[in-house]
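One letter stands for each residue in the lines below.
2 protein chains.
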Amino acid sequence: MNNKVYRTELNPVAFLRRSACVYPDRVAISHGARRISYRQMEERVDRFAAQLRAEGLTRGDRVAVLLPNIPAMAEAHFAVPAAGGVLVTLNTRLSAFELRTILNHCGASVLLVDDELWPSVADLDLAKMRIVRVSDTGTADDPYEAWLAGAPWTGPVESWLEDEEETISINYTSGTTGQPKGVMYTYRGAALNALANVIETRLTAESAYLWTLPMFHCNGWCYPWSLAAVGARAVCLRRVDFGRIWELFESESISHYCGAPTVQIGIVGHPSARRLERPITIGVAAAPPSPTLLAQMVALNLQPTHVYGLTETYGPITVREPQDAWSDMPLEAQSAQRAQQGQGNVLSDLVRVVDLNMVDVPRDGETLGEVVMRGNIVMKGYYNAPELTGDAFRGGWFHSGDVAVWHPDGNIELRDRKKDIIISGGENISTIEVEQALASHPAVLECAVVAIPDDKWGERPKAFVTLKEGASVSAEALITHCRQRLAGFKIPAAIAFGPLPKTSTGKVQKFALREREWGGRVKRIN
Amino acid sequence: MNNKVYRTELNPVAFLRRSACVYPDRVAISHGARRISYRQMEERVDRFAAQLRAEGLTRGDRVAVLLPNIPAMAEAHFAVPAAGGVLVTLNTRLSAFELRTILNHCGASVLLVDDELWPSVADLDLAKMRIVRVSDTGTADDPYEAWLAGAPWTGPVESWLEDEEETISINYTSGTTGQPKGVMYTYRGAALNALANVIETRLTAESAYLWTLPMFHCNGWCYPWSLAAVGARAVCLRRVDFGRIWELFESESISHYCGAPTVQIGIVGHPSARRLERPITIGVAAAPPSPTLLAQMVALNLQPTHVYGLTETYGPITVREPQDAWSDMPLEAQSAQRAQQGQGNVLSDLVRVVDLNMVDVPRDGETLGEVVMRGNIVMKGYYNAPELTGDAFRGGWFHSGDVAVWHPDGNIELRDRKKDIIISGGENISTIEVEQALASHPAVLECAVVAIPDDKWGERPKAFVTLKEGASVSAEALITHCRQRLAGFKIPAAIAFGPLPKTSTGKVQKFALREREWGGRVKRIN
Chain A
1 MNNKVYRTEL
11 NPVAFLRRSA
21 CVYPDRVAIS
31 HGARRISYRQ
41 MEERVDRFAA
51 QLRAEGLTRG
61 DRVAVLLPNI
71 PAMAEAHFAV
81 PAAGGVLVTL
91 NTRLSAFELR
101 TILNHCGASV
111 LLVDDELWPS
121 VADLDLAKMR
131 IVRVSDTGTA
141 DDPYEAWLAG
151 APWTGPVESW
161 LEDEEETISI
171 NYTSGTTGQP
181 KGVMYTYRGA
191 ALNALANVIE
201 TRLTAESAYL
211 WTLPMFHCNG
221 WCYPWSLAAV
231 GARAVCLRRV
241 DFGRIWELFE
251 SESISHYCGA
261 PTVQIGIVGH
271 PSARRLERPI
281 TIGVAAAPPS
291 PTLLAQMVAL
301 NLQPTHVYGL
311 TETYGPITVR
321 EPQDAWSDMP
331 LEAQSAQRAQ
341 QGQGNVLSDL
351 VRVVDLNMVD
361 VPRDGETLGE
371 VVMRGNIVMK
381 GYYNAPELTG
391 DAFRGGWFHS
401 GDVAVWHPDG
411 NIELRDRKKD
421 IIISGGENIS
431 TIEVEQALAS
441 HPAVLECAVV
451 AIPDDKWGER
461 PKAFVTLKEG
471 ASVSAEALIT
481 HCRQRLAGFK
491 IPAAIAFGPL
501 PKTSTGKVQK
511 FALREREWGG
521 RVKRIN
Chain B
1 MNNKVYRTEL
11 NPVAFLRRSA
21 CVYPDRVAIS
31 HGARRISYRQ
41 MEERVDRFAA
51 QLRAEGLTRG
61 DRVAVLLPNI
71 PAMAEAHFAV
81 PAAGGVLVTL
91 NTRLSAFELR
101 TILNHCGASV
111 LLVDDELWPS
121 VADLDLAKMR
131 IVRVSDTGTA
141 DDPYEAWLAG
151 APWTGPVESW
161 LEDEEETISI
171 NYTSGTTGQP
181 KGVMYTYRGA
191 ALNALANVIE
201 TRLTAESAYL
211 WTLPMFHCNG
221 WCYPWSLAAV
231 GARAVCLRRV
241 DFGRIWELFE
251 SESISHYCGA
261 PTVQIGIVGH
271 PSARRLERPI
281 TIGVAAAPPS
291 PTLLAQMVAL
301 NLQPTHVYGL
311 TETYGPITVR
321 EPQDAWSDMP
331 LEAQSAQRAQ
341 QGQGNVLSDL
351 VRVVDLNMVD
361 VPRDGETLGE
371 VVMRGNIVMK
381 GYYNAPELTG
391 DAFRGGWFHS
401 GDVAVWHPDG
411 NIELRDRKKD
421 IIISGGENIS
431 TIEVEQALAS
441 HPAVLECAVV
451 AIPDDKWGER
461 PKAFVTLKEG
471 ASVSAEALIT
481 HCRQRLAGFK
491 IPAAIAFGPL
501 PKTSTGKVQK
511 FALREREWGG
521 RVKRIN
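If you're matching them up, the sequences are chains A and B in order.
Position one of the first sequence corresponds to residue 1 (this note's numbering), numbered consecutively onward.
Position one of the second sequence corresponds to residue 1 (this note's numbering), numbered consecutively onward.
Hints in this document: simulated from the structure, not taken from any laboratory.
Note that the coordinates shown come from a computational prediction; the quantities given were computed from them, not determined experimentally.
You may find that some hints are simply not true.
Remember, identical chains collapse to one label, so a pair may be satisfied in a single copy or spanning two.
Claimed, not checked - Cross-link-like lysine to any residue pairs, in silico, SDA-like; alpha carbons within 20 Å at most:
id, residue 1, residue 2
1, LYS4, ASN384
2, LYS128, ARG274
3, LYS502, ALA96
4, LYS128, HIS31
5, LYS456, LEU124
6, LYS128, GLU164
7, LYS468, ILE495
8, LYS456, ARG93
9, LYS468, GLY138
10, LYS4, ASP25
11, LYS468, ARG278
12, LYS456, ARG26
13, LYS4, MET358
14, LYS4, GLU164
15, LYS4, LEU350
16, LYS468, ASN3
17, LYS468, GLY150
18, LYS4, ALA385
19, LYS468, GLY498
20, LYS468, ASP328
21, LYS4, HIS399
22, LYS4, GLU158
23, LYS510, ASN3
24, LYS4, GLU165
25, LYS4, GLY395
26, LYS468, MET129
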């Protein structure tokens, strides 16, 4: 640790300790009928951390969690760094094969797993791992609660943090290669993006945040740490259930939630939808929300703040700041303005749109370029993958792979995705990964997967398949084949058979396939 | 500069650049009929910085400003660091003698001075300094405006910042020795405390902040940078005029201001005082506000947030967070709760109350100890004074010199001041400095100065003087003598003649004098 009187390493765990001191009796976590105060949460987190250490955790050990948005998941976001470990949050929708790949890649020594998700890992060889089961009952017979109760608790666990640039968490994303990429967040970045969330969405001690966004996704965009920074209340939600969400809006006086447009569409379209008396502030991201959707939300008093980012940028890095001039515009025009991606948040560097030589494109709202980022809200790199990291950071900026225009006022607006990534319901799908699954079928000669627009999920994968000479297979059989290898949300929505369009050098022209599917639209992302 | 893609040095100048990008047309500064947008402010700041460099400023050069709360003062808070200089804000109430001492100590190469304050420095030897006069008219014939207009402006000035722990500003405080102490703020600390202000007083892009607190005081508690972080509006004020303040509350839709209790008393007691329709959020500090005053403020819809700090802690470091339970209390009891100093803000370490061996005192609300601080909201040290710095940082914590109790809930509450500092109208007065001025009179044998309670100013100095045998001098003559050496607010409110109470070893027992003046009060500070 540094010995400077005037420097403390930035650490989101400190946010919890402070709220436990200044708001001891405030509710930190609400889950069904359960209430956990900040004072109680700090003790639970210290018990969790003390158990990890007592069971042999050493500095930098990876602790994986396969949990829904429940108290144990929120607590892990503090307990693992408090213990000196690195938190690995697993996407609860992944297949056993995908989970095994990630657990092997990160070398986790501990795994917390919710009973309902146990089947996803039951068949894996977990012999080398300490498993903590979580029943999410909060009662003494819940193995997680028993584990906490048995901890050698003696108050705050002493921090081992020496440098705020140490890794606090690894978030796996499928990436373009189909191989899992472990995005490393630092203590510094996590703390700073947590503060940016507070400022951009105006969280206060009176806020009640509904956990619609999965905490496994970019550490819930760093919101677990944002809430602790201000002493706000986290309202847990095991699964996205739109009727339940409308109930909680009122019974828990929800003031904030976040989610991809898919979630917003479900909320807006539910029979319980009605204009709320108090506004709810909503972070909307993942794919650009349509002006129509934004207008519908505003009509219900769901006030969207449009943000944009990637796993590599701690979740949201840009925000479209509301402008005074909007109030004079028709709602549709306002919404079109809101749907822009904006600019870097208060703790980010401003983002750029560049050409292939890393030169800024003209700020004309027309010239396409790639969005590149740098600064405190960019990941430290990919875990154990220096080459991938070097490639992503070429030229000293992180390459998003997203294609945008740069408006004269400095805001950016996405137009297409350069990388072969499909974003469906807020989750990344690597087209290459889907292609590899298809190609592993003996009848398939070659294939190409592109995104197609989908009203509910934003985008879904569509596969174009050429079969081997003489071979035959049905679309249904190929989909069954994929199901054995991929998470459900990655399965193609449609399969078309036939020859693939190619360049003279034999490269598949994906743009031609996309053109076919997206013809007539201004943007090639949804 | 570091070459890490994932790290940008924290720098409050970036807040201005971002707001100029995302809120270009929003008003950044309002001053009488003048309006400066964020886009304009960025250009003015870059012109200012470009001129400093064109005139020879090199990295780390000190740039002093003797300015009221006017646009040039706000701009200096960005332009000087943008140029790579160190900002030295001079207390506008100091005497020529005091100003000379500080200018010599910091070795400023540039001085910006307001026409009205010119007499304070006119007689000094300023030959080695570049002087920029400021008429505060905003018109082309204002020498400051002409200076900006003549700048070699080519857009944003390239930053020279390599490390966020570099010094951004020096704030002089009189300290206990009577010698000026230059408190160094870092870029990191300034940025982080600016964000803490945003979060603690809930500043947003719609906020309008009235500049009642002098910007020369702890860089206005870092609020110039807080306002830029969110794109809020600064409303300037050349002098504290309570009638004008009430006018501006409405004409400028003021949402926030800060000030010592003295200022609050003036506002609350003015004939224009009336309950406001919209609440104003107010940072109150310097001396603990009385429950009576806090209750009066609440009645007018002036919502106080009580903060506490010193020049060495960037202004406020602690905040008394409002508690849910207060709403059930009688107003007087609530106010007594609010008047506690609370705990470290969201970006500070928690503060401690310790005994002489640096051991925590019991959290019993009774045992007295010294308040000590450490972390990102503590100064880097005293400029060119390593011994003073070492003493202030002994034991690895900054010693405030303030005496407090520690409550069972973790909050601290001030009870006395260990150091010989008097806080009068929010300004520090060194008792030793006043004693030295008195002692320089040929008739004075010895003297001791202590604080006495004052309804308007909080505290004022009272002098106890023993004359040399056979000598005689009137109280009036001694005060005239002091006036030639000290700023007006440091002049004793009263002088008593006679022998001083002493210990057996001959040390003056100041506590006995204080006992005489403060007898019957629970606290020895006001």
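Do the hints match the structure? See the list:
| no. | hint | result |
| --- | --- | --- |
| 1 | LYS4 <-> ASN384 | between (32 Å within a copy, 17 Å between copies) |
| 2 | LYS128 <-> ARG274 | neither (51 Å within a copy, 71 Å between copies) |
| 3 | LYS502 <-> ALA96 | neither (35 Å within a copy, 82 Å between copies) |
| 4 | LYS128 <-> HIS31 | neither (32 Å within a copy, 68 Å between copies) |
| 5 | LYS456 <-> LEU124 | neither (33 Å within a copy, 74 Å between copies) |
| 6 | LYS128 <-> GLU164 | neither (30 Å within a copy, 43 Å between copies) |
| 7 | LYS468 <-> ILE495 | within (16 Å within a copy, 106 Å between copies) |
| 8 | LYS456 <-> ARG93 | within (18 Å within a copy, 65 Å between copies) |
| 9 | LYS468 <-> GLY138 | neither (55 Å within a copy, 79 Å between copies) |
| 10 | LYS4 <-> ASP25 | neither (33 Å within a copy, 41 Å between copies) |
| 11 | LYS468 <-> ARG278 | neither (60 Å within a copy, 74 Å between copies) |
| 12 | LYS456 <-> ARG26 | neither (38 Å within a copy, 37 Å between copies) |
| 13 | LYS4 <-> MET358 | between (39 Å within a copy, 17 Å between copies) |
| 14 | LYS4 <-> GLU164 | both (14 Å within a copy, 14 Å between copies) |
| 15 | LYS4 <-> LEU350 | between (31 Å within a copy, 16 Å between copies) |
| 16 | LYS468 <-> ASN3 | neither (67 Å within a copy, 50 Å between copies) |
| 17 | LYS468 <-> GLY150 | neither (60 Å within a copy, 74 Å between copies) |
| 18 | LYS4 <-> ALA385 | between (33 Å within a copy, 17 Å between copies) |
| 19 | LYS468 <-> GLY498 | within (11 Å within a copy, 112 Å between copies) |
| 20 | LYS468 <-> ASP328 | neither (60 Å within a copy, 78 Å between copies) |
| 21 | LYS4 <-> HIS399 | between (36 Å within a copy, 14 Å between copies) |
| 22 | LYS4 <-> GLU158 | within (18 Å within a copy, 29 Å between copies) |
| 23 | LYS510 <-> ASN3 | neither (56 Å within a copy, 36 Å between copies) |
| 24 | LYS4 <-> GLU165 | both (17 Å within a copy, 11 Å between copies) |
| 25 | LYS4 <-> GLY395 | between (34 Å within a copy, 11 Å between copies) |
| 26 | LYS468 <-> MET129 | neither (43 Å within a copy, 84 Å between copies) |
Hint compliance for this structure: hints 2, 3, 4, 5, 6, 9, 10, 11, 12, 16, 17, 20, 23 and 26 are broken, all remaining hints hold.
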